[in-house]
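Asker: With chain A fixed as given, assemble chains B, C and D onto it according to the hints.
If you want the building blocks of each chain, they are given just below.
4 protein chains.
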Amino acid sequence: MSSTTLTALLHGPDQKGLVARTAAWIFERGGNIIHADQHRDEDYGVFFQRVEWMPGDAETAQEMAAFRAFATTLGMEVRIARGSDRPRVVIFVSKQEHCFHDLLLRWKAGELPCDIRCIISNHNDLRRDADHYGVPYYVIPVTAATKSAAEATALSMIKADGIELVVLARYMQVLSGDFLEQLGRPVINIHHSFLPAFAGAKPYHQAHKRGVKIIGATAHYVTPVLDDGPIIQQAVAPVSHRQSVDDLIRKGRDLEKTVLAQAVRWHVENRVLAYANKTVVFD
Amino acid sequence: MSSTTLTALLHGPDQKGLVARTAAWIFERGGNIIHADQHRDEDYGVFFQRVEWMPGDAETAQEMAAFRAFATTLGMEVRIARGSDRPRVVIFVSKQEHCFHDLLLRWKAGELPCDIRCIISNHNDLRRDADHYGVPYYVIPVTAATKSAAEATALSMIKADGIELVVLARYMQVLSGDFLEQLGRPVINIHHSFLPAFAGAKPYHQAHKRGVKIIGATAHYVTPVLDDGPIIQQAVAPVSHRQSVDDLIRKGRDLEKTVLAQAVRWHVENRVLAYANKTVVFD
Amino acid sequence: MSSTTLTALLHGPDQKGLVARTAAWIFERGGNIIHADQHRDEDYGVFFQRVEWMPGDAETAQEMAAFRAFATTLGMEVRIARGSDRPRVVIFVSKQEHCFHDLLLRWKAGELPCDIRCIISNHNDLRRDADHYGVPYYVIPVTAATKSAAEATALSMIKADGIELVVLARYMQVLSGDFLEQLGRPVINIHHSFLPAFAGAKPYHQAHKRGVKIIGATAHYVTPVLDDGPIIQQAVAPVSHRQSVDDLIRKGRDLEKTVLAQAVRWHVENRVLAYANKTVVFD
Amino acid sequence: MSSTTLTALLHGPDQKGLVARTAAWIFERGGNIIHADQHRDEDYGVFFQRVEWMPGDAETAQEMAAFRAFATTLGMEVRIARGSDRPRVVIFVSKQEHCFHDLLLRWKAGELPCDIRCIISNHNDLRRDADHYGVPYYVIPVTAATKSAAEATALSMIKADGIELVVLARYMQVLSGDFLEQLGRPVINIHHSFLPAFAGAKPYHQAHKRGVKIIGATAHYVTPVLDDGPIIQQAVAPVSHRQSVDDLIRKGRDLEKTVLAQAVRWHVENRVLAYANKTVVFD
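Protein chains in written order, with the working numbering: chain A, 210 to 492; chain B, 210 to 492; chain C, 210 to 492; chain D, 210 to 492.
Just chain A, same shape as in the assembly (with noise of 0.2 Å):
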């Protein structure tokens, strides 16, 4: 028997008996289901499914292989990892430390089955904490004029060294379109607000001045349009009038650092997949 499991993410057109084939494939070739989850979005006609099995006999490269080609025939696209796998993730911040703190903690206490590769930030601020963690800290700094030439450094970092994942723990920068489409990879972000409510800058004081008695944050996969790629993962926690903006951010950190860390260990997790502007969560 293998040592590890395989967990594949499949998503394609909704046919009949799709459950069932997929399971009859592994069974035949002396795989077994650990967890299965499937999902039609019926306004679109798509089937979505996760899929975690402990493989037969044969070598798991090759049941990869095998479990890519048996996707294709379904008309299905498919993503499929070991659970030994960990992915390559570099980790953007700015100033604000709370959810680089919370990331890097959850991280060495096992939380977050990835490989944080370094930290990259715009700031020298957090050299000291991110060589206590023994991880790499990059300072590439942003200016206006230097933002084009910054991005191009952070990118050949990233493709160099195979990342797989970037996570912005409230880092400052808007990313460029450009940039996105270069990188290719997925970018989560955490927004300060319950979007689409007070998208854009400073939610907190949006917030206090609309008088709202809920505040949030969002998790969300960044796209060319600012805070409106798919949402992952949201929280909120009660205010009252005698919040003044300041308590509203010091709560907020608090949701933040849950919602960024839950986001991202679900990601790596295998477990999110993106469609039409939403997410599909097998938790």
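In short, the hints are calculated from the structure, not lab data.
Keep in mind that this is a model prediction, so the values were computed, not measured.
Just so it is clear, CB atoms sit at the ideal spot from N, CA and C, and this is done for glycine as well.
Treat the hints with care, since some could be wrong.
Claimed, not checked - Below, a sample of chain B positions facing chain A; criterion: calculated Cβ distance under 10 Å: (1) 406; (2) 410; (3) 418; (4) 419; (5) 421; (6) 422; (7) 451; (8) 488.
Stated by the list, open to error - Over the 12 Å line for every Cβ pair with chain B, so calculated as not near, a few chain C residues: (9) 212; (10) 223; (11) 250; (12) 268; (13) 279; (14) 371; (15) 419; (16) 436; (17) 439; (18) 451.
What the hints assert, rightly or not - Using 25 Å as the maximum straight-line C-alpha spacing, the simulated DMTMM-like pairs for lysine to aspartate or glutamate come out as follows: (19) 418(C) - 251(D); (20) 411(D) - 360(D); (21) 368(D) - 478(D); (22) 487(C) - 455(D); (23) 418(D) - 251(C); (24) 225(C) - 266(A); (25) 317(C) - 338(B); (26) 317(B) - 370(B); (27) 411(C) - 251(D); (28) 460(B) - 320(C); (29) 418(D) - 250(C); (30) 356(D) - 436(D); (31) 317(B) - 338(C); (32) 225(D) - 268(B); (33) 460(D) - 320(A); (34) 418(B) - 492(A); (35) 460(A) - 306(D); (36) 411(D) - 436(C); (37) 460(A) - 294(D); (38) 304(B) - 340(B); (39) 418(B) - 437(A); (40) 225(B) - 261(D).
Answerer: Here is chains B, C and D on its own, set in the frame of chain A:
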């Protein structure tokens, strides 16, 4: 001693010693403060207070008049009520019945210290239920052609009966600015989204399309700008990709019921002050 | 094609290939799986599955029998139902009416796919309301002396009418172990605390005395041990020193309503499996 | 004018006019009340007040002494502090590090207005982290044989440094009644269940075995009776049959962090009064 408490809601320009002067005024007249709560809005320099006390020997009408005069000397606006007062309320409803039943059942259970005088609806559907609850039910049909006349009819009924609060319990007609102006009394509406997200029509459809992971409901005072008035209370519930629009609607009903009932309860207990398109809620 | 789905709830000793074999069985007979969810309890080595499918051309009664036979070959216990089935339910109630109204209103709104056959109460108080809802209302008074006879009366009514689920909607009598044994059908109770805290009488008084900052409600299957059966659902609400016992009772009513309704809904949708004094809820 | 506010926490036998007399005392000496909140416990006839004010011209030490004398004339016990005071705190920790990091990071971010003087641990594991935070770290190993001596060592360190609050951040030793008595200062503990459910050891294992659908964490003052002291704050999170004990432990860490931090914050901001094994929290 009086047999009832008095509750005053004060607000006005902040100044030194307001808490002490109010407390002293009550104490010197033989009263005993039962609850007192206050708030300062630093942005606007406004002081807010809710104070509930057991007055001394004087007749309550006289004491209320004396407190009003006292508040004027402080430059404060004031609303004052007896604990035994039960504000006269009308509920507007269309065909959606969950908030209607919820309010009536809470009222009959003693949770809402008010006097629900009647139901006004643009449909006949809930007449039998209103009869069962023992509350008069008036149908005022509304079409584009008759809207103005319908509003005039409602207005004269409200004024004739001394109604002090209008509650829109999923009433599916937009009240005109003209109606609101002539009404001159508070109107509480329940909107089925976590405003300011998804204002306007079909918010659950909007939420489903956007792929949010949390839905909400908002109780607010009605102003001439649709879904933009001061927010009194909000609540939310988590949703996932599995929920259809119908599921959101069903889940949302529970939010709408509790949020509207809470807002009405706070209002009739004299706990809400609106200003600057926000509310102070002394809960 | 059949006009209704089938839903099976399976459980039994875990073994390799169960997911695949069930899926294959359905597929080979021309059925199409709509939802499938499964769980393995590692402690007990038990496999659980809920599968909902649209069967092929065969008559559903025949298909259900065939699936039962198939489950036996897997060594699994099974419950199977048509999507169009509406389990027959009786609601037991005393004088507390909030859960009673809540269940009846949700049922009339189409939220609970069951057939509420009648209300049994030890008091006459809610007769007029039951009449309004159009549901038969039977009074079976209970005293220490008559308890045994009262239970026998209820038992014969339940059996005569083919009742499949008993719901205790704040019914203030403890059912005897003898009654439960002879009944042999599931009984869902709502307890007004977050069990296992505050089992037994007057849980809100216990909670107030202990000074907890959160209160709760618990829906569970009834076993001969008081307030100890498998928990189906729980919910909580924050409280503070300001809340009196009466406030806890009022706040708790909202929890009790939603928790009981959720548990009943899950049960009649065939989503709940009890084992080892716990539940698996395929929500 | 003084450069700092004063905050008094009062409690004692309820009597007429207390709110007015406190307010008048402050006003007459040129002070201005910024926040005032009070509570009456009807069961015990006790009055509680938290009042925060900007004093007039007098020196604050003198004003504090005068207020203490005034409180005595009211028959009230009082604690009074300057807004600029930062209580001296020691954190006890073992090997579980999540609450330790959370408290230290919040403290460095300015969320906890106190002075964390040192860490005391029965293990050496977190020394490097304490060094990184710049906080002294003392190891006092504890075995059954050395427990009494270890407690004496801790006690003398606490007294020598004028520590005012002890925080047990998942410290895995039970403090003896003798230690608590000699300590004579508040000790806040975090228990990883929603007390009173699952007191004692391994609460997540207990919760998993009982099959609850909600887990919790509780911050409370320590008394000689294990896990029984006055509760300051609680929080909960939903769980399902899918969660293993390890999942509960991971989910629970987030609860423990926020609940303990909130309790410590309230305590050092002079918002908590304990009585009758309960707390009043003026939040």
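Asker: If a hint holds in the structure, say so; if it doesn't, say that too.
Answerer: So, going through the hints one by one against the coordinates:
no. : hint            : verdict
1   : 406             : holds, 4 Å
2   : 410             : violated, 16 Å
3   : 418             : holds, 8 Å
4   : 419             : holds, 6 Å
5   : 421             : holds, 6 Å
6   : 422             : holds, 4 Å
7   : 451             : holds, 7 Å
8   : 488             : holds, 6 Å
9   : 212             : holds, 20 Å
10  : 223             : holds, 26 Å
11  : 250             : holds, 23 Å
12  : 268             : holds, 30 Å
13  : 279             : holds, 28 Å
14  : 371             : holds, 28 Å
15  : 419             : holds, 23 Å
16  : 436             : holds, 25 Å
17  : 439             : holds, 24 Å
18  : 451             : violated, 9 Å
19  : 418(C) - 251(D) : holds, 12 Å
20  : 411(D) - 360(D) : holds, 24 Å
21  : 368(D) - 478(D) : holds, 22 Å
22  : 487(C) - 455(D) : holds, 18 Å
23  : 418(D) - 251(C) : holds, 13 Å
24  : 225(C) - 266(A) : holds, 15 Å
25  : 317(C) - 338(B) : holds, 13 Å
26  : 317(B) - 370(B) : holds, 21 Å
27  : 411(C) - 251(D) : holds, 19 Å
28  : 460(B) - 320(C) : holds, 10 Å
29  : 418(D) - 250(C) : holds, 12 Å
30  : 356(D) - 436(D) : holds, 20 Å
31  : 317(B) - 338(C) : holds, 13 Å
32  : 225(D) - 268(B) : holds, 20 Å
33  : 460(D) - 320(A) : holds, 10 Å
34  : 418(B) - 492(A) : holds, 21 Å
35  : 460(A) - 306(D) : holds, 22 Å
36  : 411(D) - 436(C) : holds, 22 Å
37  : 460(A) - 294(D) : holds, 23 Å
38  : 304(B) - 340(B) : holds, 16 Å
39  : 418(B) - 437(A) : holds, 12 Å
40  : 225(B) - 261(D) : holds, 14 Å
In the structure shown, a violation is registered for the earlier hints numbered 2, 18, in ascending order.
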